[in-house]
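Given chain A, work out where chain B should sit, using these hints.
There are 2 protein chains.
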Amino acid sequence: MRPYSLECMDGRARCGRFETKHGPFETPQFMPIGTRGSVKGVDVERLREIGTQILLVNTYHLWLRPGPETIRALGGIHGFTAWRGPILSDSGGFQVFSLKNMVRLSDEGVEFRSHLDGSRQFLSPEKSTRIQEELGVDIAMALDECTSPGLTHEEVEESLYLTIRWAKRSLAARQKQSTCLFGITQGGVFRDLRTWAAEELGALDFDGLAVGGLSVGEPKDRMYEVLDYHVQQLPSDKIRYLMGVGTPRDIIEAVHCGVDLFDCVIPTRAGRFGRAYVRGERPFINLKNAEHSTQDGSLDSSCSCLACRNYSRGYISHLFKVGEMLGPQLLTIHNLTHYLELMQRIRQAIRSKEFEAFYQAEKKRWLNVEAEDLSLD
Amino acid sequence: MRPYSLECMDGRARCGRFETKHGPFETPQFMPIGTRGSVKGVDVERLREIGTQILLVNTYHLWLRPGPETIRALGGIHGFTAWRGPILSDSGGFQVFSLKNMVRLSDEGVEFRSHLDGSRQFLSPEKSTRIQEELGVDIAMALDECTSPGLTHEEVEESLYLTIRWAKRSLAARQKQSTCLFGITQGGVFRDLRTWAAEELGALDFDGLAVGGLSVGEPKDRMYEVLDYHVQQLPSDKIRYLMGVGTPRDIIEAVHCGVDLFDCVIPTRAGRFGRAYVRGERPFINLKNAEHSTQDGSLDSSCSCLACRNYSRGYISHLFKVGEMLGPQLLTIHNLTHYLELMQRIRQAIRSKEFEAFYQAEKKRWLNVEAEDLSLD
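Top line first, the protein sequences correspond to chains A and B.
Note that numbering that gives the first Met the number 0 gives residue 214 to position 215 of the first sequence, counting from 1, and the numbers run on in steps of one.
Note that numbering that gives the first Met the number 0 gives residue 374 to position 375 of the second sequence, counting from 1, and the numbers run on in steps of one.
Treat the hints as calculated values from the structure; they're not laboratory data.
No residue lacks a Cβ here, since even glycine has one placed at the ideal position from N, Cα and C.
It is possible that part of the hints are untrue.
Within a straight-line C-alpha distance of at most 20 Å, the following computed DMTMM-like cross-link-like pairs (lysine to aspartate or glutamate) qualify [claimed, not checked]: (1) 175(B) with 125(B); (2) 287(A) with 116(B); (3) 20(B) with 116(B); (4) 39(B) with 44(A); (5) 287(B) with 116(A); (6) 39(A) with 44(B); (7) 320(A) with 68(B); (8) 320(B) with 116(A); (9) 320(B) with 68(A); (10) 320(A) with 204(B); (11) 167(A) with 157(A); (12) 20(A) with 157(A); (13) 167(B) with 217(B); (14) 352(A) with 9(A); (15) 352(B) with 340(B); (16) 99(A) with 116(A); (17) 362(B) with 280(B); (18) 99(B) with 154(B).
Here are a few chain A residues that face chain B, going by a calculated C-beta distance under 8 Å [as the list claims (entries may be wrong)]: (19) 35; (20) 37; (21) 39; (22) 65; (23) 72; (24) 288; (25) 290; (26) 310; (27) 311; (28) 317; (29) 324; (30) 325.
Far from chain A, some chain B residues (derived; all Cβ distances over 10 Å) [stated by the list, open to error]: (31) 64; (32) 81; (33) 105; (34) 106; (35) 163; (36) 173; (37) 204; (38) 278; (39) 302; (40) 309.
Just chain A, with the same shape it has in the complex (with noise of 0.2 Å):
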């Protein structure tokens, strides 16, 4: 049985429902980030108030701390994290990549140092697998190699051979097939490349096929051309899903174009940062602005979250200005809620084939957003 239904589509925006082995989730959805097997400030029964229905986690922190070992010893991820539902777990690959820790990178797998003790360590596609497996997630991802923008059509070619390499050897790598293991697309933003790279994974066995390498610094308009054509190129009974994206905007741009699954760091950093994401004219605010420093009312009138049910602007901003942390912990719980919530309307607009006016509704509403400021300091 495949685990990805697809319930009802309006234009190429899609619902549906996916089945793991802690239960269903679903579909388009927005996965928290447990980092290091916990969502930066907020406990599992805050993610479940708020109506988190699948956590992911990172594979390169947990294997280097507390190990896989210690993991197993505590229940596996869901005993350890105490989160019951659905897991989802990365490769392990981006973070070696992106912390420029590398030593050798090979066929074979790739060397790099540990950020923690600088000690050696090795990631190859088997490795990766069976570290995902023995964490007990019920979504693993393959191997992959995230390439950065800028690099030639040659360069993102002949590392899209090792992706698609490491792929193949991911699916080879499985113990457990009650653990769902996901293939991710690279290439760039080279339509060929892209191209071939659904061509060859679509037709490999995996339970869900994930769009990698974007939102890495492209412009926006490049990530959302390749959206346009690359989505839809992908299996139509599998589920898609974009990682580490993005912004409210790129969801609904990226949901327009047929994604179903999304995850990214911008509520939960956004949020420790003092930016809180709310609906109205405005896409967000900055809780750090003088402005909102008498302000009585709450964050956002529309959300019923921990923090709009009891505090003020006032109090928030004050919060943040004497660097209670509290703060952060308020405005986490808020934007996942802001997003969480946004997913589910989402889901209801298409139910009830409106999607295309909600998109447009909610498109306008970030016109005004210059360039939206992610720096967030």
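For chain B alone, kept in the frame of chain A given last:
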């Protein structure tokens, strides 16, 4: 009508009830500390859930930032903090004296530099009372001079004269009769001075009496000696509050002498540093110790707080190791739960006339704790 009702006694230990304009609280009681309007890492819904009955805030910090005007604009201290139950504030004096920024002390008041911007500020009994009334707290404290250990009898006596004069001026400065006002005894560890303080302050029209100037660096035995004679010198028809104390061990000792109310940073601060108070043989454990890193059990099997009903010791130990803020959050909630349950068990033991046995049993658990290390690092 007097706000305090003494309901029953067992030996010198007392059970009672205190009425405020934001509802009653039972005694003996412990107040979590929200220095700058927030109990670090704990939202008001969790505070309610763990059984908090009254909150303490610090006048010094809130006066300097965001200031009483902003707090009034945001609905007073209850609207600001979103804590709708009873709130007590200190006078601000302790911070002025302990932050060592004092410029000049006179009969009129105390001049000091703000720790935030170095600006000159002035605090007097009248001003302290006015600020606390502006904040809108339920219980305000009279401004006193808290003496350090190591002063001579003459120095402490002179200081106590000032404290008594200031106490009378604080009472005279009251504008809102609905705000309760407590007096504070000083006198260091000198029996004649404590006795004099109790006589003078006990005769004034305060709604409660606090014991100040203990647990400020003197040997623990000296504090217990003072409590043994001094608490019963205070009027028995008024609530008795021991300021800034202490460990669970200190609390049972003080209740044994007739104290009704406590506040202390220990449960919250110790929690942020990795210490969890538990029942059982040892009174606390340190989650930073390696022994806990693979332990699958909860912090305390008799506890049902957020931390204990979800997470293992191993996981919480991991959170501290990698510096995740959820670690401090969980231990803060656990320790406050431990303290509030301790108070509940104390009240229960007093009501059922079993406090002496309870006291002896609890005291025994602390026998092997050589000198309780409160350096917390």
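Hints, verified against the model:
As the CA atoms of residue 175(B) and residue 125(B) are separated by approximately 13 Å, the hinted pair is consistent with the 20 Å bound. About 19 Å separates the Cα atoms of residue 287(A) and residue 116(B), which keeps this hinted pair within 20 Å; it holds. With a C-alpha separation of about 35 Å, the suggested pair residue 20(B) and residue 116(B) falls outside the 20 Å cut-off, and the hint is violated. Of the pairs offered as hints, the one joining residue 39(B) and residue 44(A) holds, with about 19 Å between alpha carbons and a cut-off of 20 Å not exceeded.
Of the pairs offered as hints, the one joining residue 287(B) and residue 116(A) holds, with about 19 Å between alpha carbons and a cut-off of 20 Å not exceeded. Of the pairs offered as hints, the one joining residue 39(A) and residue 44(B) holds, with about 19 Å between alpha carbons and a cut-off of 20 Å not exceeded. For the hint linking residue 320(A) to residue 68(B), the alpha-carbon distance of about 16 Å falls within 20 Å, and the restraint holds. A hinted pair counts as satisfied when its Cα atoms are at most 20 Å apart, and residue 320(B) with residue 116(A) qualifies at roughly 14 Å.
With a C-alpha separation of about 16 Å, the suggested pair residue 320(B) and residue 68(A) falls inside the 20 Å cut-off, and the hint holds. For the proposed pair residue 320(A) and residue 204(B), the alpha carbon gap of about 39 Å is over 20 Å, so the pair is violated. Our distance criterion of 20 Å between C-alpha atoms is met by residue 167(A) and residue 157(A), whose separation comes to about 16 Å. Among the hinted pairs, residue 20(A) with residue 157(A) is inconsistent with the structure: their alpha-carbon atoms are about 36 Å apart, more than 20 Å.
For the hint pairing residue 167(B) with residue 217(B), the CA-to-CA distance comes to about 28 Å; that exceeds 20 Å, so the pair is violated. Using a Cα cut-off of 20 Å, the hinted pair residue 352(A) and residue 9(A) holds, with the two alpha carbons roughly 5 Å apart. Straight-line distance between C-alpha atoms of residue 352(B) and residue 340(B) comes to about 18 Å, which keeps the hinted pair within the 20 Å bound. The hinted pair formed by residue 99(A) and residue 116(A) meets the criterion: a straight-line CA distance of about 14 Å does not exceed 20 Å.
A distance of roughly 11 Å separates the Cα atoms of residue 362(B) and residue 280(B); the hinted pair therefore holds under the 20 Å criterion. Under the criterion of a C-alpha separation no larger than 20 Å, the hint pairing residue 99(B) with residue 154(B) is consistent with the structure, at around 18 Å. Because the closest C-beta pair between residue 35(A) and chain B is about 5 Å apart, less than 8 Å, the hint holds. Interface hint at residue 37(A): satisfied, since its Cβ lies 5 Å from the closest Cβ of chain B, which is below the 8 Å cut-off.
Taken as an interface hint, residue 39(A) checks out: its beta carbon lies about 6 Å from the nearest beta carbon of chain B, inside 8 Å. A distance limit of 8 Å between C-beta atoms decides the matter here; for residue 65(A) the minimum to chain B is near 5 Å, and the interface restraint holds. Proximity of residue 72(A) to chain B holds as hinted, the smallest CB-CB distance being about 5 Å (cut-off 8 Å). Proximity of residue 288(A) to chain B is violated relative to the hint, the smallest CB-CB distance being about 15 Å (cut-off 8 Å).
Checking residue 290(A) against chain B by beta carbon gives a least distance of about 13 Å; that is not within 8 Å, so the hint is violated. With its C-beta approaching chain B no nearer than about 5 Å, residue 310(A) sits inside the 8 Å limit, and its interface hint holds. Taking 8 Å as the C-beta contact cut-off toward chain B, the hint placing residue 311(A) at the interface holds, the least distance being around 5 Å. Taking 8 Å as the C-beta cut-off, the interface hint given for residue 317(A) holds, the closest approach to chain B being about 5 Å.
A hinted interface residue such as residue 324(A) counts as satisfied when its beta carbon comes closer than 8 Å to some beta carbon of chain B; here the least separation is about 5 Å, so the hint holds. This hint holds: residue 325(A) has a C-beta 5 Å from the nearest C-beta of chain B, less than the 8 Å allowed. With a closest Cβ-Cβ approach of about 6 Å to chain A, residue 64(B) is found to fall inside the 10 Å limit, against its non-interface label. In this structure residue 81(B) is not separated from chain A by more than 10 Å, as the shortest Cβ-Cβ distance comes to only about 4 Å.
The Cβ of residue 105(B) lies farther than 10 Å from every Cβ of chain A, with a closest approach of about 30 Å, so its non-interface assignment holds. Annotated as non-interface, residue 106(B) keeps its C-beta farther than 10 Å from every C-beta of chain A; the closest such distance is 33 Å. Residue placement check: residue 163(B) keeps its beta carbon more than 10 Å from all beta carbons of chain A (closest about 34 Å). No beta-carbon of chain A comes within 10 Å of the beta-carbon of residue 173(B); the shortest separation is about 28 Å.
Consistency note on residue 204(B): stated as away from chain A, and its beta-carbon is indeed over 10 Å from all of that chain's, at 35 Å minimum. The non-interface label for residue 278(B) is consistent with chain A: the shortest C-beta to C-beta separation is roughly 22 Å, beyond 10 Å. No beta-carbon of chain A is positioned within 10 Å of the beta-carbon of residue 302(B); the least distance is around 15 Å. Its closest Cβ contact with chain A, about 4 Å, brings residue 309(B) to no more than 10 Å, contrary to its assignment away from the interface.
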